[in-house]
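Numbering (our numbering), first residue to last: 4 to 320.
Hints are computed from structural coordinates only; laboratory data are not their basis. Predicted, not measured: the structure shown is a model, and the values here were computed from it. Warning: the hint list may mix true and false statements.
Here are the computed distance ranges between Cβ atoms for each label pair [what the hints assert, rightly or not]:
no.	residue 1	residue 2	range
1	L314	G231	29 to 35 Å
2	A279	L314	27 to 33 Å
3	V244	K51	27 to 33 Å
4	L304	Q178	29 to 35 Å
5	E203	K316	35 to 41 Å
6	T63	M246	25 to 31 Å
7	Q178	T29	15 to 21 Å
8	F308	P191	46 to 52 Å
9	K73	N6	20 to 26 Å
10	P318	K73	54 to 60 Å
For each residue, glycine too, the CB sits at the ideal point set by N, CA and C.
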Amino acid sequence: MTNFAQIKAVAFDKTGTLTVGKPTVTEAVFADRIDQAEAAAIIVSMEKQANHPLADAIVTYFEKTEKIRKIEQLTVTNEIGSGLGAVAGTKTYRLGKRTENTQFTGLMEQQYRQLEAQGKTMVVFSINEEVTAIIALMDEPNEQAASVIHYLKNEGIHTVMITGDSASAGEAIGQRLKVDQVAANVLPENKAEAVRALQEAYGQTAMVGDGINDAPALVQADIGFAMGEGSDVAIEVGDAVIMKNDLSRFAYAYRLAKKMDRIIWQNIFFSMFIVALLVGLNLFGMMNIGLGVFAHEGSTLIVLFNGLRLLRKLPEA
Numbered sequence: 004m005t006n007f008a009q010i011k012a013v014a015f016d017k018t019g020t021l022t023v024g025k026p027t028v029t030e031a032v033f034a035d036r037i038d039q040a041e042a043a044a045i046i047v048s049m050e051k052q053a054n055h056p057l058a059d060a061i062v063t064y065f066e067k068t069e070k071i072r073k074i075e076q077l078t079v080t081n082e083i084g085s086g087l088g089a090v091a092g093t094k095t096y097r098l099g100k101r102t103e104n105t106q107f108t109g110l111m112e113q114q115y116r117q118l119e120a121q122g123k124t125m126v127v128f129s130i131n132e133e134v135t136a137i138i139a140l141m142d143e144p145n146e147q148a149a150s151v152i153h154y155l156k157n158e159g160i161h162t163v164m165i166t167g168d169s170a171s172a173g174e175a176i177g178q179r180l181k182v183d184q185v186a187a188n189v190l191p192e193n194k195a196e197a198v199r200a201l202q203e204a205y206g207q208t209a210m211v212g213d214g215i216n217d218a219p220a221l222v223q224a225d226i227g228f229a230m231g232e233g234s235d236v237a238i239e240v241g242d243a244v245i246m247k248n249d250l251s252r253f254a255y256a257y258r259l260a261k262k263m264d265r266i267i268w269q270n271i272f273f274s275m276f277i278v279a280l281l282v283g284l285n286l287f288g289m290m291n292i293g294l295g296v297f298a299h300e301g302s303t304l305i306v307l308f309n310g311l312r313l314l315r316k317l318p319e320a
């Protein structure tokens, strides 16, 4: 815990950590030439086999707004860092982030850019790499996130938000929370590298995350905090767990670590002073057994009572 008091930077995962992790679909745009009901059915079929937090929001939205046709079960492959893929006959379906192979036609790219500029998380559905639907989602910041970021910045700690979202979507949340840095378009396998870069630039770094993808970064960090409602893997590899996803507990833990660090050094310096004082008095012949016992045992009690101050709960910030 005392190492925690020495951190110089904190990296936060975005979804589920700095945000509530329950995004909602704000818009769904389809290309003119496709059957919307059929496309919606395919999207729902694919997302029901996904484990990403966006999946539930997308399924809920289409099941409420579209009359979903029954469609043959698709075999879906999880393409880590980019989305989902499926093949049916001569058609290849992709659902996820925009990639280098993604092809827009007509007004679809213009609509994509407009929605992305609003800071929304974008999901594209393509058939044979041609975009036929755009889904925009928004995830609201965690209600404690802004105050925690503000506190850490006042303590001189560099704050970073790591996200796989686009730069515009990441910056939109980052600006609302006033983080020092936004690392966007970070693939899951690169999160640990992002933490390593912070360690090289700033020194001791903490990582806060909740997902399977955050596990390597939690291990790489000097101190890893897992959100209590996150994945079992993140909780297992984290050095500490923030229960009930209450981010204010992270700031409280830092304050407690600082208090512990301060008390430990107070006790060390006081003990060294007493030892040096007793040795000095003894060298000058000014020490007797009674005074020595009194000073030694008295200093022990002072150190003990000073340490007991850790039992006193810190006031809420």
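Against the structure, the hints come out as follows:
1. L314 with G231: 29 to 35 Å: violated, 24 Å
2. A279 with L314: 27 to 33 Å: 29 Å Cβ-Cβ, so the 27 to 33 Å window holds.
3. V244 with K51: 27 to 33 Å: Because 30 Å falls inside the window, the suggested range holds.
4. L304 with Q178: 29 to 35 Å: Hint violated: Cβ distance 53 Å, outside 29 to 35 Å.
5. E203 with K316: 35 to 41 Å: holds, 37 Å
6. T63 with M246: 25 to 31 Å: Cβ of T63 to Cβ of M246: about 27 Å, so the range 25 to 31 Å holds.
7. Q178 with T29: 15 to 21 Å: holds, 18 Å
8. F308 with P191: 46 to 52 Å: Because 49 Å falls inside the window, the suggested range holds.
9. K73 with N6: 20 to 26 Å: violated, 56 Å
10. P318 with K73: 54 to 60 Å: Roughly 58 Å apart at Cβ, these two residues keep to the hinted range, so it holds.
This entry does not satisfy hints 1, 4, 9, going by the numbered hints stated previously.
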